[in-house]
Structure formats: structure tokens, C-alpha cells
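Following the hints, position chain V against chain E.
Number of protein chains: 2
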Amino acid sequence: MQDRVWTIHLGQHTGERVVLAGWLHRLRRLSGVSFLILRDRTGTAQVVIEDPAILAALDGCQHETVLRIMGDAVQEAQAPGGVEVRNPTIEIVTPVAEPPPLELFRPNLQAQLPTVLDHAAVALRHPRNQAIFRLASAAMAGYRRTLRAAGFTEIQTPKIVASATESGANVFAIDYFGRPAYLAQSPQFYKQMMVGVFERVFEVGPVFRAEPHATARHVNEYVSLDFEMGFIDDHHDVMAMLTCALEGMIAAMREAAPDAVAYLKLALPQVPAVIPEIQFADALDLIWRETGEDARGEPDLAPAHERFLSAWAQREYGSDFLFVVGYPMVKRPFYTHPDPARPAYSNSFDLLFRGLELVTGGQRLHLYADYLAALEARRMTPDSFAGYLEAFRYGMPPHGGCAIGLERWIAQLVGLDNIREATLFPRDLNRLTP
Amino acid sequence: MQDRVWTIHLGQHTGERVVLAGWLHRLRRLSGVSFLILRDRTGTAQVVIEDPAILAALDGCQHETVLRIMGDAVQEAQAPGGVEVRNPTIEIVTPVAEPPPLELFRPNLQAQLPTVLDHAAVALRHPRNQAIFRLASAAMAGYRRTLRAAGFTEIQTPKIVASATESGANVFAIDYFGRPAYLAQSPQFYKQMMVGVFERVFEVGPVFRAEPHATARHVNEYVSLDFEMGFIDDHHDVMAMLTCALEGMIAAMREAAPDAVAYLKLALPQVPAVIPEIQFADALDLIWRETGEDARGEPDLAPAHERFLSAWAQREYGSDFLFVVGYPMVKRPFYTHPDPARPAYSNSFDLLFRGLELVTGGQRLHLYADYLAALEARRMTPDSFAGYLEAFRYGMPPHGGCAIGLERWIAQLVGLDNIREATLFPRDLNRLTP
Chain E
15 MQDRVWTIHL GQHTGERVVL AGWLHRLRRL SGVSFLILRD RTGTAQVVIE
65 DPAILAALDG CQHETVLRIM GDAVQEAQAP GGVEVRNPTI EIVTPVAEPP
115 PLELFRPNLQ AQLPTVLDHA AVALRHPRNQ AIFRLASAAM AGYRRTLRAA
165 GFTEIQTPKI VASATESGAN VFAIDYFGRP AYLAQSPQFY KQMMVGVFER
215 VFEVGPVFRA EPHATARHVN EYVSLDFEMG FIDDHHDVMA MLTCALEGMI
265 AAMREAAPDA VAYLKLALPQ VPAVIPEIQF ADALDLIWRE TGEDARGEPD
315 LAPAHERFLS AWAQREYGSD FLFVVGYPMV KRPFYTHPDP ARPAYSNSFD
365 LLFRGLELVT GGQRLHLYAD YLAALEARRM TPDSFAGYLE AFRYGMPPHG
415 GCAIGLERWI AQLVGLDNIR EATLFPRDLN RLTP
Chain V
15 MQDRVWTIHL GQHTGERVVL AGWLHRLRRL SGVSFLILRD RTGTAQVVIE
65 DPAILAALDG CQHETVLRIM GDAVQEAQAP GGVEVRNPTI EIVTPVAEPP
115 PLELFRPNLQ AQLPTVLDHA AVALRHPRNQ AIFRLASAAM AGYRRTLRAA
165 GFTEIQTPKI VASATESGAN VFAIDYFGRP AYLAQSPQFY KQMMVGVFER
215 VFEVGPVFRA EPHATARHVN EYVSLDFEMG FIDDHHDVMA MLTCALEGMI
265 AAMREAAPDA VAYLKLALPQ VPAVIPEIQF ADALDLIWRE TGEDARGEPD
315 LAPAHERFLS AWAQREYGSD FLFVVGYPMV KRPFYTHPDP ARPAYSNSFD
365 LLFRGLELVT GGQRLHLYAD YLAALEARRM TPDSFAGYLE AFRYGMPPHG
415 GCAIGLERWI AQLVGLDNIR EATLFPRDLN RLTP
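Protein sequences appear in the order of chains E and V.
Note that the numbering used here has the first sequence beginning at 15, numbered continuously upward.
Note that the numbering used here has the second sequence beginning at 15, numbered continuously upward.
Okay, chain E solo, but in the shape it has when bound (with noise of 0.2 Å):
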């Protein structure tokens, strides 16, 4: 059988009989003469179809018939992309007998976004959210490639645990042969286990948050970005390696997903050689000055205050990324290091991006004696952690990490309302299928 031609590609083949494959479209059946928009991988290209018979032979075809077309590639101004299939041999590859649930031929799906959910395998091959999930796909893959230029090694940690990450709440719970275990919350403990191993490492893997939000920014699932680097002075190193993660991340999709950017307008973010960053206390005091209001003293950032310093970030530097740094304390896991010269706040960090915080690192505890004292402090017992203790026990260099919520990244950097439309197949609070 005579190979394919990509539709991206059929300008290069202007003058030739050329096959293409893909999906059916649109069809617009005029009098004289009928367009015919093929979909496939890589975009779509319009034949022309004169002949009645041709034409008579799509009858009862709806959208989404998979068809395979060979015609004539000709210049044609008018037709979208400068070029469009004449002459047409049309074999209908596997017939569809109902018009889909979707129509896809429209700029945006005409449905509200439970309806496009549950209509996921058609959903899905809406150009946009092509252009979105290619995105993602880039994303990963400069994710990758810029930490393993940096020397980290790529794990897979396991996701069923005997007992919770951080805390007792918001984990789903298994049944593993008749005992208890749990989905992890995230691949922590285990990352840091194999900076005694490799010093530098990766995973991009799904982590399971059972929490009971019915909110536009939380999934139940979601695909995590984490590293964990040893030999570390402190989190400004977390921080820089993060800056290359962002800056490689974007390249990729520049280079990887040039189509799906223009499909999506997207401005890409500058990233700064060097991301602004503001101690938390002075944000809060930032706050009050410029907003009148006292949140000093609280131990977290709300996210109108989120937003507020991302606005001020832009304005002050023209940076769409702010660190903020030195949480205190009492919000962090207990396996965060504290700054030495201020024991109640944190050597942690968010990074904010155009108003949301989308980052969480910091340097974590690495000495044995600290962390039997951080979980008496909590009155958490040592031996639910005595594999992921005895990593400290043995030797483990000062070191820290973060992760990045990877559907989070790309709703923020899509301007997309729901993180639910960066997500193949969402789980919330309501959703398991499909």
C-alpha cells in the first residue's frame, strides 16, 4: 500500500498523487462541487469532490468516518494552508452510522464541560484539546531532558503504601490481600531514599489526593513532576535546578509543539535566568501596605494574596514566576529544614505563576537525630517510617526537591478555567468514568 502523507505536509507534495488518512471532519455539500475536511495527527487538509458518484458513496457517512483518500496535492490560494486534494478516490475505512455527541468542526465543543467529560474519546480529538495534551506531552519530555543533562536518574517508586505520606488525612485507602495500604500521596519518602543512592533524582508519575474539594483546581489524580537533589547549601539550589526544569520545559514545547502554540495563541512565559523571589513575612507586610489588609501573623498564603503578589512580581520585574520563600514553620511537613537563622520559619518555597501557586520545595531534614525529634514533636511514631528512616540512619547528604503539578502547569499556562480540561481523564469528588 502507497504510504501516507501527513496533512501537515501536503504542501510539500503539490503535483503529486498523494494517500492520506484520518478522520472525517466536515463535509459541506454544495451544489456543483463538495469540501471534504480530512483530520488527522497532524492537522486537517480539504479535498474536493466533484464527482457525484464519489460524493453518493459518502451518503449516510457521519462525522468521524475513518477514511483513506488518494487524489491530486494541488496550489490552491484559497483553500486553508495554500493547498487542498483534487481528483479524489475515496475508501471508507471504518464507517461511523451516528453523528457523534460532539461536533467537532467547531472552534470550541458547544457543551458544557461535564458533557464534554463524560464524552471524553470524542472530546479528546477536538484540535484544541490536541493542542492542549500535545503541550503537555512536550512538557514532560523537557522536563526529562533537562534534568538528565543536569545528572538525575529517572525512578518509578511504588504507588501502593503501607501508610500515609504526610499525614493521616486525605489518602485513599486499599485493600492489599486483606491488609490495610494506602495510594501515595506522592513519591516523597521514596525520592528522598534515592538521594542516597543517586544524589540527583526524577519521577513523573501519578499521585492520589483524597480530598474532598469540589473545586476548578483540584483532581483527585493528578501526573506530579518531582525531583530531589543531594549535596545541596540550601532550597536557592532546589530553586535554580526548578528555573532550568521551567525554561527546558518551555523550549520543548517551542520546539516540540510549535502547532499547538499557535493553535492556542499561547504567549509563552520568559522565564528570568534568575525567578524574583520574597521572603513569605515580607509578603504579608507587602500586603498590608499596599492592600490594607493584616494577614501578618497567619501562617499561609490565600490565593487572592496569590494572585496579588504574581500582579506585583509583574510589575516590579516583569516576571511572570515569584518564589516565596521561608514559610514558617507550622504549615510544613515535618521533614522540612528550618532556616537556621530563623528556627520558626522554613528554608521552603512556592513559586507562583501568573497567580497561582503551581510549585512546592525546600530543603528538607537530613540529619537522623532531627527527624526522630520533628516526629516526637508531632507525636508521629518512628516505626510507620523505619524503611524511609533508615536512609538518614545510614548517611544522607543535605538535600531537598520539589514538585510540580504537572495538569496545573498547563491549565495556568493554557488560560484555562478548570484544571479539568488539562486532565485526559479527570477523578473528582463525582467522576470515575470514563
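It is worth saying that the hints were derived from the structure and are not from the lab.
Hints should not be assumed to be uniformly reliable.
[Claimed, not checked] Derived, one-sided and incomplete: chain E residues facing chain V with beta-carbon distance under 10 Å: (1) D54; (2) Q170; (3) G210; (4) V211; (5) M410.
Since the model is a prediction, treat every value here as computed from it, not as a measurement.
Glycine included, each C-beta is placed from N, C-alpha and C at the ideal position.
Relative to the frame of chain E, chain V by itself:
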């Protein structure tokens, strides 16, 4: 602080005063001079200590103490690697007060596997284990690189699912906000749905099998390298792509982990341009003729058959790999495409590698009516699969794919007796920690 030099690069710095950092791998105190072996993520370096005061400072420092060492890099023919560090100053970064539970400086860990697995945080630091998991990391990178180059898009699909993928047995049950749910046994349904979107997709992620086996070749959570591709003629297109992926993984091991390949003294397999194949029925005939064992009429191969056939392929073709194609439909899942010429047999394959089944794959059904008939024949209700079936209802091309078990592949490649040795933190019938 002065930049670290990796131990593997020490030879490039002879004549310089360098900084190394890592773990105290071994300390041999001799009269007059002592030898300290420092281990970092790239290897080990020998440090010569002659000053009694420096040696005294290491009193009480157990193996795995984290050190920062400054010293002169000196050519020394008798040192491992031809270079050593002299006149050191040594900073104790993280002291270790107790001897570790395993002696990492020995060529092999002198302990039974359960003990090794219990102490994973320490055991994984052994150079042999580092080499094994570096190979796994390189394999993942090579897999992704090959598939991306062939136009595949990476996806991440949910691991929490509403119904079992292939059969009701062998799934782990979850409490999902009070509703029953399950851990995905494979991304099968999702990768097929995504063929309707991107035509070619791959996923690297965890899969979960609640099989109550306690064998050396089963674990209950493992990493599956999946791909699925559309617009194929039949399963041979999948086999050709898989052949490329295997070649890509081996090339990546050679390029990205040459030290691991050397340490493990691996003979990496040659992947034939076309891997030999044998029909399932012919394979049983061959076994009958050559061994006298009559398994004709059996629906599947026994492990001993797989070993026999691999040895035969090695003899006959000089190949470590053998495709067995055309398995009976009766043992294959409902979405399997039959061989049009022999409907009791399938367009499916297994790949044998050095005596072990490593990959299962094949062509899938693509017509909606065929799915309805296949489900009805197995007395399964289409309602439970509505979101999946929608992909076929609205146009799917002929397609197929396969899944490679990462840990099994690495174990067989390295010649490990137990798949747990190729699993960072194995999960089995009896093991949930660390």
C-alpha cells in the same frame, strides 16, 4: 564553595587540588598509611591518609558517613583507575554512628534477598544495584526517544478506574469517597481511546495486579511500557515498531549507562532487523517433534515451552528474541482481533527473550459492532464500558499495540534470579514496605 569533581572525572584533574564529596565506602587502616574509598553517584575514588590527626578525626565514623574531601589528584599506577587523592583535608558532612546493616564494599551483598529488600535504603546504594537501576532509567529514556521519533505522543492515563480492565479477578479494590473503584491493571482502554486522538501514543507508568502469586517472576505493582498505534495493516506493524523500541532501549543503555553495562559485564543482545517469528500452532508441533511432549491443542505456552523455543531460535537464527504469533482466541482478551483467515486464532503475539515471555501485544478489534458481539459472547455488559466503547462507535482505525514489563526486561537482561532485584521497592503478597 569550590565545585565538586565527580570521582569518575578524577583522572582529568591530576596535578590539581580537588574537592570530592560522597559516602565513606570503605576505610582500611594500615600501619603508616590508610586508604579511604569515597563513593559518589559516578563511582569511587581512593584517598590516601598519612596524617594521624586526619585519621583520628574519622574515629567513630562508620561506613556511609557523608564526607567532603579536598586533596591533590595524583597519578598512581597502583591505584584503582590510575589516580588517587593525597594530602586530604576531610570534613564530616553527616556522621553515621552505627554500622550499616549491609556491607556495601563487598562485591556482592552477603545477605538473603528478604533482608536486602528490607534494607532497600542502604542496599540500593551498592554499586551493583546502582548499575541495575541506571540501566532501567536508560531503558525508559531510550523507549521514549524511539517512540517520539516515530511520531508517538506521550500520555498519562488514570490509575483509579471504575471497572476492571480485562477480567473481574486480580484487581485491587479502593474506597473512592465511599464508592467502589479499582487500580488499573493496564492502560489498555485509555491508550486505545487515545489512538482516536493522536493515532500513536505511549505511556510509561505503574500497573497493578492483585495476583496472589509468590514466584520469582511476579510482583503486584510494576512499570509497564505501553504503546498503541493506528492505521496498521495487522499485528506485524506493531511487531516492527516494538523491534525498533527494543533496539532504541539497548542503544540508550549503551550510550547513557556504559559504566553500568561494564560493571554488570553484560552482553547486550543484538536485535535482528526482523525478529524471527513462529506460528503458535507450529511451535507446539515443533515441541512435539523435537521433545516428544505433545501440547498440541493447549491454548497457551508453558514456561518450559518458552525456554525450549528461545533455545531453538538461538540455534536456528542466532537470535535472543522470538515472536510467537497467532495464539488461539480463547485465551486472549475480548478486544483481540482474530486472524481473518483463521478466526479461531488471533492477530496477536508474544515476544520471548532468552527463554522468557517479555511482551504481549497484537491487533485489536476496531469496529463497534465487533466489540458489542465480543462482549456479548463473554456475557459482559456493554454498559460498564460505555466511555471506552464510544471511541469505536465514532470511528476508530485498525490499530494495535503492546506492553513491555520494565522490571522483567531488566531482570532477564542482567540475568537476575528474581524480578524483585530489578524493582526498586517491590510489592508482593507479603511485602508492602519499605
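| How about D54 of chain E: closest beta carbon in chain V under 10 Å, or not? | holds, 7 Å
Point to revise | Interface hint outcome for G210 of chain E [beta carbon to chain V under 10 Å] | key: For G210 of chain E, the interface hint holds, since the closest Cβ of chain V sits about 6 Å away, which is under 10 Å.
Hint status (Cβ of Q170 of chain E to nearest Cβ of chain V, threshold 10 Å)
holds, 5 Å
- Have a go at the V211 of chain E hint: is there a Cβ in chain V nearer than 10 Å to its own Cβ? holds, 5 Å
Would you check whether M410 of chain E satisfies its interface hint, that is, whether its CB is within less than 10 Å of any CB in chain V?
-> With Cβ-Cβ at 6 Å, under 10 Å, it holds.
This entry satisfies every hint, going by the numbered hints stated previously.
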